[in-house]
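The numbering of the sequence shown is the numbering used here, which starts it at 343 and goes up by one.
A few of these clues could be false.
[Claimed, not checked] In silico lysine-lysine, DSS-like type, Cα no more than 27 Å apart, as pairs:
id	residue 1	residue 2
1	Lys705	Lys537
2	Lys800	Lys789
3	Lys736	Lys842
4	Lys485	Lys585
5	Lys462	Lys766
6	Lys725	Lys510
7	Lys367	Lys568
8	Lys736	Lys725
9	Lys736	Lys510
10	Lys854	Lys947
11	Lys940	Lys956
12	Lys847	Lys824
13	Lys766	Lys779
14	Lys719	Lys488
15	Lys687	Lys549
[Said to hold, decoys possible] Derived Cβ-Cβ restraints for the label pairs, each shown as a range:
id	residue 1	residue 2	range
16	Ser753	Asp887	27 to 35 Å
17	Ile813	Thr591	50 to 58 Å
18	Asn489	Lys847	45 to 53 Å
19	Lys705	Leu924	58 to 66 Å
20	Thr591	Leu924	53 to 61 Å
21	Glu421	Lys395	16 to 24 Å
22	Ser731	Ser609	37 to 45 Å
23	Lys705	Lys367	26 to 34 Å
Treat the hints as calculated values from the structure; they're not laboratory data. Note that the Cβ used here is the ideal one computed from N, Cα and C, for glycine as well.
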Amino acid sequence: MDIISLIKFVIDNPGSALFYSPPIKEDQKTLLLKSPSESIEIKILSEIRQSFKSLDELKNRFNFCYGYVTYEAGYAFEERLFNLIDDKNDSPFLKFYCTNDFNEFESNEIDHSSAIDLLKESNWQIDDLHFDIDESTYKESIKKIKNYIEQGDTYQVNFTFKANFDVKNNLVALITGLIYNQSAKYTSILNCGNKLIVSISPELFFKIENGDISSRPMKGTISRGKNFAEDIIYSNTLYNSEKDRAENTMIVDLLRNDLGRICRTGSVKVIEPHKIEKYESVYQMTSGVTGELATNNLCDIFEAIFPCGSITGAPKLRTMEIIHELESSRRGIYTGAIGFLSDEKTVFNIPIRTLEIELKTYKGEIGIGSGIIWDSKEDEEWKESILKSNFLTKSSEYFEIFESMLIEENSIELIDYHLDRLRKTADHFLFIFNRQKLLDRINDDIKNLSREKRFKYKLLLSKWGECKSEITEIEDSNDDLKIIVSETRTSPKENYFYFKTTQRKLYDEEYKKAVADGFDEVIFFNNRDELTEGSISNIVLSLGDDFFTPPVDCGLLAGNYRKLMIDQNNLKEKVLTIEHLLNADEMYVINAVRKRRKVSEIFYKGKIIKTFSKSR
343 MDIISLIKFV
353 IDNPGSALFY
363 SPPIKEDQKT
373 LLLKSPSESI
383 EIKILSEIRQ
393 SFKSLDELKN
403 RFNFCYGYVT
413 YEAGYAFEER
423 LFNLIDDKND
433 SPFLKFYCTN
443 DFNEFESNEI
453 DHSSAIDLLK
463 ESNWQIDDLH
473 FDIDESTYKE
483 SIKKIKNYIE
493 QGDTYQVNFT
503 FKANFDVKNN
513 LVALITGLIY
523 NQSAKYTSIL
533 NCGNKLIVSI
543 SPELFFKIEN
553 GDISSRPMKG
563 TISRGKNFAE
573 DIIYSNTLYN
583 SEKDRAENTM
593 IVDLLRNDLG
603 RICRTGSVKV
613 IEPHKIEKYE
623 SVYQMTSGVT
633 GELATNNLCD
643 IFEAIFPCGS
653 ITGAPKLRTM
663 EIIHELESSR
673 RGIYTGAIGF
683 LSDEKTVFNI
693 PIRTLEIELK
703 TYKGEIGIGS
713 GIIWDSKEDE
723 EWKESILKSN
733 FLTKSSEYFE
743 IFESMLIEEN
753 SIELIDYHLD
763 RLRKTADHFL
773 FIFNRQKLLD
783 RINDDIKNLS
793 REKRFKYKLL
803 LSKWGECKSE
813 ITEIEDSNDD
823 LKIIVSETRT
833 SPKENYFYFK
843 TTQRKLYDEE
853 YKKAVADGFD
863 EVIFFNNRDE
873 LTEGSISNIV
883 LSLGDDFFTP
893 PVDCGLLAGN
903 YRKLMIDQNN
913 LKEKVLTIEH
923 LLNADEMYVI
933 NAVRKRRKVS
943 EIFYKGKIIK
953 TFSKSR
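Let the sequences and hints guide you as you build the complete structure.
Shown next, in the form of structure tokens:
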């Protein structure tokens, strides 16, 4: 089964659902639930408890019960909250379907090639995005929250609002793109007849298996670094952040207390505290909480732990009262729970990054929120909240990662360098990397090539582990290259300069233009007036007795031939400027395919600015 067919099936079939875990996560399964023969829909708050009892009974009759519980359904479990909203509601507080018809897949066996084709051909478009709160009202609410914190009513409030939008173009492309951009372990797509729920959630609310219950709240976030080195720094920064650890611990303590109400005495434990999880755009701090259940009653479980403290704040009950006072609209499914029940396993996510789309009009809404504490700044929280909508409004360009290698005498000299860098790049972008599979592909590709010829071998890898290759014969080339300096300055803040990916529009366009004008290569300076690299090569300058190349932080790819020369102590890193370029004794451009080639002339804006002695 391919991923596009699974998505289309759910869109076309009311009552169906897809619970998808990306194959980058090990040993994951994906469920397609379909053809439900019974359902529960509750629009009266006072009937919530009975509905959970009904679900316990239905679970014994069906293989799966699946659906959602809205955030406001939690009001049914607390007398102080019950009367805050009307008992009756136009839309359901809870909705579940029951079926015996399902398909279970190993996530790594789902064909994603159709998704690649779709993502290459089309981008989704979100139109008329608008928020149900303006900036001044938002900031006033944050001030009120901080006053409550100062008065001791609460320690933290997760404050949220809604955004409304229209889906233009292709709904399938939208969902596929969201799955591509976010490796969310608890992704779910649910067709409720009149609307489609798309939850790209990385957060587990709870899982029940073999009599144990586990939860993994998220609290603590930092953006990803622009390159390998910065990425490690950011991850360590989050892990060592006292502020984030304190916030995470506060929510964990709340959850331990909640689980203690339904678990055997002494069985509740914290596992992997303050673990840092990697996602495409952020690192998240998570902690696991587990316990041995003392009850299998679903109503007891939800009454004890719903809604999750990570999306309310602490203390939970008083904080929920503050949320009700300050938030302008009901949360609905957002921050409630979406999941399935079965005899073997029960799993519910926390619906963050969750879209509700009307299937007739393609109008949708999402919830956006952030945790507010005593030192939160209104301006920063507003900007951060608006940025959180980017996952929906700014579709990332589809790209692949690749390596270009030199084949000589049917072998690749720097094969370990290439595969090590490809592995690191795959790990950075959350691409599936299987070294042995790639080696088998390489060996199969090159085994019948002529040993007397040299070839360029390009190996491309997609996010889901599909690989393809291109082989071209290399014609002999001389030294004494004529190169030109690009008039376009690059920025070291742009992360795609640091990785070998197909996101290289600037380099490809500048190289094509340079070749058309009779040049062999085009080189770049960044906006700090530092020399960086060529479009297909690294740069080496001979200055005195040493050879120098710009450091990676200038905004460039750490090439494999460059790494080889550094490892052999034949090359040093140094920030290089136009003065270094003009005063260099020699200049070379290097890469793994062409190795080292000497430059004889440098041009800028059509004029020679530097000449070097030619090769003998």
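Results of checking the hints against the structure:
1. Lys705 to Lys537: Satisfied, since the Cα-Cα distance of roughly 9 Å is no more than 27 Å.
2. Lys800 to Lys789: holds, 15 Å
3. Lys736 to Lys842: holds, 22 Å
4. Lys485 to Lys585: holds, 20 Å
5. Lys462 to Lys766: holds, 24 Å
6. Lys725 to Lys510: holds, 26 Å
7. Lys367 to Lys568: holds, 23 Å
8. Lys736 to Lys725: holds, 16 Å
9. Lys736 to Lys510: holds, 13 Å
10. Lys854 to Lys947: Since the Cα atoms of Lys854 and Lys947 sit roughly 16 Å apart, the hinted pair holds (cutoff 27 Å).
11. Lys940 to Lys956: Distance ~8 Å between Lys940 and Lys956 Cα, so the pair holds.
12. Lys847 to Lys824: holds, 22 Å
13. Lys766 to Lys779: OK: Lys766 and Lys779 at ~16 Å, within 27 Å.
14. Lys719 to Lys488: It holds: about 10 Å lies between the C-alpha atoms, which stays within 27 Å.
15. Lys687 to Lys549: holds, 7 Å
16. Ser753 to Asp887: 27 to 35 Å: holds, 34 Å
17. Ile813 to Thr591: 50 to 58 Å: Once the Cβ atoms are compared, 55 Å apart, the range 50 to 58 Å for Thr591 and Ile813 holds.
18. Asn489 to Lys847: 45 to 53 Å: Since Asn489 and Lys847 have Cβ atoms about 50 Å apart, the given range 45 to 53 Å holds.
19. Lys705 to Leu924: 58 to 66 Å: holds, 60 Å
20. Thr591 to Leu924: 53 to 61 Å: Holds - the Cβ-Cβ distance for Thr591 and Leu924, about 57 Å, lies within 53 to 61 Å.
21. Glu421 to Lys395: 16 to 24 Å: holds, 19 Å
22. Ser731 to Ser609: 37 to 45 Å: Holds: the Cβ-Cβ distance is about 41 Å, inside 37 to 45 Å.
23. Lys705 to Lys367: 26 to 34 Å: Hint holds: Cβ distance 32 Å, inside 26 to 34 Å.
Violated hints are absent here; each numbered hint is respected by the structure.
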